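Asker: Sequence:
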Amino acid sequence: MTSLLFAMVASFLVATGAPRDQLLVARMASLLGASNGLLVVALASSVATAGIAAWFGALLAQTMSENATTMFVAIALLLAAFECAWPNREKVPKEPTRSLGAIFIVLFARQLTDASRFLVAAFAVVFASWPLAGLGGAIGGGAAVAVGWGAGAALERKLPLRALRIALALLLFALAIMTGLTARGIIA
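UniProt numbering puts the first residue of the sequence shown at 1, with every later residue one more than the last.
Hint data in this document are derived by calculation from the structure and do not stem from the laboratory. It cannot be assumed that every hint is accurate.
FRET-style restraints, in silico, Cβ to Cβ [what the hints assert, rightly or not]: (1) 146 with 97: 14 to 24 Å; (2) 75 with 99: 32 to 42 Å; (3) 187 with 97: 31 to 41 Å; (4) 187 with 35: 44 to 54 Å; (5) 67 with 98: 42 to 52 Å; (6) 188 with 101: 47 to 57 Å; (7) 44 with 2: 24 to 34 Å; (8) 67 with 101: 37 to 47 Å.
Being a predicted model, the structure only gives us computed values, none of them experimental. Ideal placement from N, C-alpha and C gives every residue a C-beta, glycine not left out.
Make the full structure from the sequences, and use the hints.
Answerer: Written out as structure tokens, the structure is:
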């Protein structure tokens, strides 16, 4: 149950304002209209990528020692901090596609390689419960894209996304350092 909770919260927080998924869905909903098809595609991508990340984490868990799993979590937290701190320079598409298949492919590729899915894999490794980590990642990632779909253009206008992501990056960086030092046995 711990893996579900950690993966759910981490996926939602790291995806908040992320140009890779939540912001892309918000922009597409704003430009194309908040259709149910767009929401279904975004949720399906979140579920599929979280499941793949958790399954990959289960494969890694079979080959790692306890210290290696803790260091893997530290690296995942560090990558998540880096992704949160990275400035969003992505431009709003002027003529976005209306193809739900194309939207799914782009969203799937972006989500599969983002920090929140890497955290889902890390929690699957540490807690050795990949189905729960995958479910948590699917719920958290799905909630993040659903918020983006529902908010549309208001997401960028009304929330200080950059400030939120910098604060989250600092928190994740501190957690990564503490976890890494624990894995090395420097702090208990």
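Asker: If any of the earlier hints don't hold here, list their numbers in rising order.
Answerer: Of the numbered hints given earlier, the structure breaks just one, which is hint 3.
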